[in-house]
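Residue strings, one per chain:
2 protein chains.
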Amino acid sequence: MVIKALLFDVFGTVVDWRTSITREVAAFGQRHRVTADWESFADNWREGYSSGMAQVNDGEVEWRNVDRIHRERLDLLLAAHGFPKIAEYELDQLNRAWHRLDAWPDAVEGLLRLKSDFVISTLSNGHLGLLVNMAKQASLPWDCVLSSELSGRYKPDLAVYRYAARILDLSAEEVMMVAAHVFDVEAAAQAGLRTAFVSRPLEYGNARAAEVAPAGRFDIEATDFNDLANQLGCA
Amino acid sequence: MVIKALLFDVFGTVVDWRTSITREVAAFGQRHRVTADWESFADNWREGYSSGMAQVNDGEVEWRNVDRIHRERLDLLLAAHGFPKIAEYELDQLNRAWHRLDAWPDAVEGLLRLKSDFVISTLSNGHLGLLVNMAKQASLPWDCVLSSELSGRYKPDLAVYRYAARILDLSAEEVMMVAAHVFDVEAAAQAGLRTAFVSRPLEYGNARAAEVAPAGRFDIEATDFNDLANQLGCA
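First to last, the protein sequences are chains A and B. Residue 88 in the working numbering is what sits at position 88 of the first sequence, and the numbering runs on without skipping anything. Residue 235 in the working numbering is what sits at position 235 of the second sequence, and the numbering runs on without skipping anything.
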């Protein structure tokens with residue numbers, strides 16, 4: 001079966017959230033005369049994301065989008081770091097730093113090459129509005145923007161991957177999931193999709209060891225999007 | 001309230017379905033040595049679309065996508081025109097002519113101008129897979145591809161317009177519907193969206209008079225996408 005579409009995880013796979021978020025929170029801290037380890041702050045903020053999504057998938061809470069999940073964690077973190085009361089407008093602006101993340105250096109070039117041969121789409125836990133803003137900001141040339149939000153569940157729920165293939169009017173094996181996280185690629189494989197693992201060893205800077213794909217488990221292992229394009233035979 | 005996103009009807013508004021379909025059915029007829037008025041054939045094929053969608057909105061049938069609606073009408077039309085038995089593969093290829101429609105001459109240039117200032121998205125009754133194929137074929141530079149399919153109803157059901165605004169994380173009045181059909185723009189207005197009517201006097205060639213917008217009813221009336229971009233202040 002020929003691969004027709006590539007679905008990309010976004011946070012960490014396409015964009016370098018940690019560098020962008022660290023820069024934004026550091027500037028915010030400076031403005032309010034608060035000092036902290038801003039890389040840790042960014043990592044902490046990101047951690048709230050997983051637990052917030054797990055609550056949705058476990059049925060503990062109704063669907064809530066990533067802006068809301070980020071905002072709850074941000075409020076806790078700002079209080080813990082002794083920030084003074086901040087105007088709502090400014091908090092909202094900071095929370096939307098997750099809409100303004102820089103792409104990894106190879107991402108746009110690699111996506112443009114892949115786009116010549118395949119439909120390229122997001123399949124992110126970020127909500128659609130966030131992904132559309134991010135694509136404009138970072139010049140990500142998606143053919144289509146898909147989000148977990150459309151299926152009302154978060155990855156790695158298998159319903160998310162199945163919904164994406166179905167809404168593209170493709171069978172699961174015509175679709176390849178591309179991600180830098182083993183749990184995401186594993187779940188896509190369970191849902192019947194083809195799989196590509198792309199390493200992003202700098203996702204967590206020096207704070208965490210790079211994720212490594214289990215040997216031979218995925219259809220493709222690539223070092224970046226240009227390498228993925230090479231392995232898929234793109235010009 | 002500032003407009004942030006423009007939603008575009010596609011068939012007739014962005015692409016010239018009649019010229020493209022007429023060309024494809026004429027070539028198909030020639031290959032099978034059948035003669036007919038191919039413009040009428042195209043118009044007839046298109047008419048099946050409205051009744052097929054109305055059946056869904058009226059609850060007479062389950063959701064079915066536009067490929068399926070087109071195919072049912074195509075089978076009837078081919079039989080009525082005395083075509084011999086055709087291979088399934090070839091029928092499917094012909095049915096997908098609706099994925100390969102040419103854009104109106106001003107469309108891509110106008111969309112690129114509008115894209116600098118707004119999120120530009122489809123909001124079509126075509127299903128998502130069809131719209132993605134069409135965008136690649138016709139170089140339509142969408143930020144996002146939205147379809148009635150996502151809400152399980154067809155335009156002009158108001159749920160379609162409301163869903164689109166909500167999934168973009170915008171309020172209805174931050175979104176403008178752009179279409180060449182009064183019924184579509186009227187429904188968008190009822191759903192609280194801003195509205196732009198673009199005239200496409202050649203949609204039905206000489207077979208039908210051009211649609212005219214009721215005077216003063218819509219926020220913008222434009223002669224094409226460049227005029228729309230001018231009126232919205234785009235560079």
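These are calculated hints, taken from the structure and not from any lab test. Hints should not be assumed to be uniformly reliable.
[To be verified] If you want the footprint, here are the derived chain B segments under chain A, 3+ residues with CB under 8 Å:
| id | segment |
| --- | --- |
| 1 | 163-177 |
| 2 | 189-197 |
[Claimed, not checked] Examples of chain B residues toward chain A, derived with CB under 8 Å:
| id | residue |
| --- | --- |
| 3 | 117 |
| 4 | 119 |
| 5 | 128 |
| 6 | 132 |
| 7 | 136 |
| 8 | 137 |
| 9 | 138 |
Since we're looking at a predicted model, the values are computed, not measured. Quick reminder that beta carbons are idealized off the backbone N, C-alpha and C, glycines included.
Against the structure, the hints come out as follows:
no. : hint    : in the structure
1   : 163-177 : holds (count 4)
2   : 189-197 : violated (count 0)
3   : 117     : violated (11 Å)
4   : 119     : holds (6 Å)
5   : 128     : holds (5 Å)
6   : 132     : holds (5 Å)
7   : 136     : holds (6 Å)
8   : 137     : violated (11 Å)
9   : 138     : violated (12 Å)
Violated hints, in rising order: 2, 3, 8 and 9; the structure is consistent with all others.
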